[in-house]
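J.: In case you want the letters, here they are:
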Amino acid sequence: MESLSVNPASADIASGDSVAPILSISGITKRFGSLAANQNISLSLHTGEIVALLGENGAGKTTLMNILFGHYRADSGTIEAFGEPLEQHSPEDALKRGIGMVHQHFTLADNLSVLDNIMLGTESLWQPFSRRSVARKRLQQIMQDAGLNVNIDSPVRDLTVGERQRVEILKALYRNVRILILDEPTAVLTPQEVDDLFVLLRSMASRGLAIIIISHKLHEVLAISDRVVVLRGGEVVGNAETATVDRNQLAEMIVGRAVERPCVEARPAGEEILALRAVTVRDRATHRIILSNIDLQVRSHEIVGVAGVSGNGQAVLASVLSGLCTPDEGEFLLQGETLKKPSPRLLTSKGLARIPEDRHTDGVVSEMSLWENLLLDELGQEPVWRMGMVLDRRTARQQACQLIDEYDVRCHNEEQPVGLLSGGNMQKLILARNLARDPDVILANQPTRGLDEGAIATVHSLLIDARNRGAGILLITEDLDELLRLSDRVVVMHDGHMSESLPGAGLTPRELGLRMSGAFDNNAT
Amino acid sequence: MDILDILISASFWAATIRIACPLIFATLGELICERAGVLNLGIEGIMTAGAMSGWLWVYNGGDLIGAVLFAAAVGAMLGLLHASFTVSLGLSQHVTGIGITLLASSLSYFIIKMLLPESTSPPKIVPFQNIDVPILSSLPFLGEALFSHTPLTYTAFLVVPIIMYVLYRTPWGLAMRIAGENPVALEAQGIDVIRVRTLAVMLGSALMAIGGASLTISAFDAFYFGMINGRGWICVALVIFASWRPGKALLGALLFAGLDAFQVRMQQQAGAYIPYQFFLMLPYVLSIVAMIIVARRAEYPKALLKPYRRGERL
Amino acid sequence: MRLELRESVPWWLSLAAPIMAIALSLLLASLLIIWAGESIIDAFRMMAIGAFGSTFALTETLSRAIPLTLTGLAAAIAFRARFYNIGAEGQLYCGALAATLVGTGLMDLNAFWMIPLLFVAGALAGGCALLLPWYLKTRLSVDEVVTTLLLNFVILLLVSYALEGPLRDPMSMGWPQAAPIIDAGVLPALVPRTRLHAGLYVALAAAIVLWLLLRFSVFGFSVKALGLNSNAARHAGIPATRTLFWVAMLSGALAGAAGVSEVAGLKGYLTLDLSPGFGYTGIAVAMLANLHPLGVVLSATFLAGISVGADSMGRALGVPSYIADIMVASAVLSVLIGLMLSRYRVRR
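Protein chains in written order, with the working numbering: chain A, 1 to 525; chain B, 1001 to 1314; chain C, 2001 to 2348.
Misleading hints may appear alongside valid ones.
Stated by the list, open to error - So the derived list for chain A, only partly shown, Cβ under 7 Å to chain B, looks like this:
hint: 1; residue: P91
hint: 2; residue: E92
hint: 3; residue: T107
hint: 4; residue: A109
hint: 5; residue: L115
hint: 6; residue: D116
hint: 7; residue: E123
hint: 8; residue: Q127
hint: 9; residue: I254
Since the hints were made in silico from the structure, they are not lab data.
Just so you know, even glycine gets a beta-carbon here, dropped at the ideal spot from N, CA and C.
With the rest of the complex left out, here is chain A (with noise of 0.2 Å):
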């Protein structure tokens, strides 16, 4: 621990040098309710320089940067920018002093072009009229500077994921912001896509841009920051020179004490009890294609992961699977038998459990109790709905709290709405309703997205005993991580397409990334 400076009154002084900082944070706290999100938390940034905040889900990266930016207020603790102090201060005020911020989910508008949505805020609102060909003419400068380059003319819904955050960038650029927050800048990329934002943040830094990237991916912040701030339970609890750093320290840092994530054991697969025979999925209103000719054949005792940058097609597969959405053309079989017209409810009859993508929109109901929502996959099953329509509210309770002790859902009692639920709590909560029937299939999809490290170690042992019960896991994630651990086999989707299976072991993120941005799709253009 030598290298590092623990105390975070002193950090400022390891890192001070002579220049003194553009931006010094110090001594800021932040209470959500009863959970402190920061504890007296000092930082400070020099031009030129980038800084990541290291810290598992969960640590108050994302609150610090919230408060800094001026989503949030701070309870105490002062924010100075460029040798001013920075008090009560909105979004406005953040931007006007150069500090801009690249949200981890893009804040754009689709339907509006890329020049509409980099002109929003930059104009006075009251102006009568808008100087469109004077900031056309910036931008194409500011891009050339920068080596970026997107159609400033498409429509935002048209561009990559890659391409959309380059635009969150130039955003900040017009705005001439000295200082960039970037959150999770990587969590949507591929391998081969971070590169290359990397490089472009060197440069941008290399012409004196100060920049913050929060992440919780320890590699990737050793490959690009040049200091490194580490978080944890709110409090920060390393402060270095990242050239300075031991890999290991930092690893345990962020977690505080270890936390081992539960690994599989290669065992063979069992039988085929699911299957997709060259289905074609087309949108409703474009007609377009979204699911190409896909084959996929999950069997049990194994997992299958779904790799794949976010939006090539995950989200129809994954409806398809729930029974939400119905193949135009192919075939989908479950335990050997061919499906005509699928529908959530069918498919829970024949075994299949879900765990959906977004916990709040599509897995709970936040606000009807616990054992409510406990309730909500079976509807008029016995002994809960006596002959099979009338609810014995007791029965209900009684089983709900079982399932809350058994899975150890913290909660305060089953009558309280799960809107309240921690989000960890929530997936166990979802877990328990889908689990406890002992199911057949599960299609897993993002299901430890923004949880903290101690709910993933559970959500992947819980997943991972149901396949060595027998189960046949579909895991759709964007966590690569995650994917490999799990995972006795990968495919990969790309633009709709999906590649032939590949075995888990042995695959690197490297292999991955290549496939992700479209290598084996001969149609990919």
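We have chain A already, so just place chains B and C on it with the hints.
T.: Same frame as chain A, but now just chains B and C:
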């Protein structure tokens, strides 16, 4: 040949344009609200309130221009009420809209009854008079059809390009469109979503109220109970029909007005065989048909009906 | 400002919303009464007496509460599923039209069969009036609010045509009204020499059945889940289209039943002014009851009292009876805020 006779008469085209005037104002008003992400079902009531207040202003000795401004102010206030429910508090846009419609129309009727407790036939005022555009109005056919209308009617047609310009060519229009597409994008650029949406709803409601007022101070000369008679709901349908574009909204309003004018004339000719109720039904039925036609390719503003709460999802 | 779900809503808090709404609408009404130059106390006293002050007043209020309960239930079930049926007015007339078709001499049954038959016919007609909006919403995602609203006008014009054409009573001396319901179809009076009729039982039974249905049945559970989060409900396998079909049928049927009870109970024959906006007031009834079927009975009685009271006050004092509609409307708006405050906690 009856139908052809109607179509080639200048009075039919003049009537079309006259009838379109309130529809244009109100449809544009609704369009602005929805473009900013707020469905304003208060439209029927706001039009009633506009009709009442415009008429009242003139009845109390005010001038006609003042009446338009007064109606607009009343509309804007009702819009503010709507926005404080649906935008600031994020409450149900459906229920709020219906509530505002009930409130605004019953208040309007209450006020009329208060002021004129005994009158059975509503008192008349002197409305906007037709202004003949010099030279153009003396053109054969076109002169009568297009260039002999009240100033408010001309204004309606003038408002369309203005709204188009505002929506597509000003920073505020851009902010408004983004408020209806992805409000988080506004917040991220340091623009207050609540303020943008509130102003849009107020502006839209003001236009609706002017649309209502155009009935009492331009098309007719008195305030009747139930005079809006579903025009507001038709405008909501027209906005969908127009795919949220001002140009198409103008077209839709003209189409409907034409139909209405046609229906009245057909009634006189075919009334003997077909009961008049079926003619009166046409605008409502066609509004539904219009929505069905565009349903498959309707591209709603993405954030329509979605309340925005600050700091959420960031 | 941030809103946070409350962990649990204590019973007194869930009552707070309607009480606050009532208080606010009384406040607004007071302002209008002051403007009208009358004394607030007098005005409210006269309203109370007019609504609840005598047997006659009470029966008047209750007989007005019957259609309001039914349309209120129609709105409650629909709104619970977020199926915004604003067409109860039209469905009410459909029910009344069906009752007129069946009950004015088409067949001659005794009362034991005739009355249920009228209700079945009316309910079916009301339900069918929602088929088109249901189909358009679920298949083409056309907003049901606009379609149901527009259909109100279409249906009213249809009724107008029927009353001036095929259904006009030859004995009506030119008035647009239909022939009276035959004696076997007329709902018996509950209190002699008043207008209160057996439709009251129908309304109460409907409320209780709907409550049981929503609280204990698979259907009720599906409606709740679908209304609160249709995505999650769909994902979990709740058949949205089918559930909404039954919601639409039930909602329309209840509104249709309101029409039947007005024709067969109160008026005896169909006219164009059968309903002074019961369909729209039903929305207020349902909102004030927080969409709870049993609460609907209470709020319908209350709002019926306001309108009956306002009528009698309007006759005595110089306050137009439109004040009742204003109170209803302001109750709808203020109950929205009240409900939000009771369900969420406001955090800075």
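J.: Going through the numbered hints above, which ones does this structure break? Give me the numbers in ascending order.
T.: 5, 9
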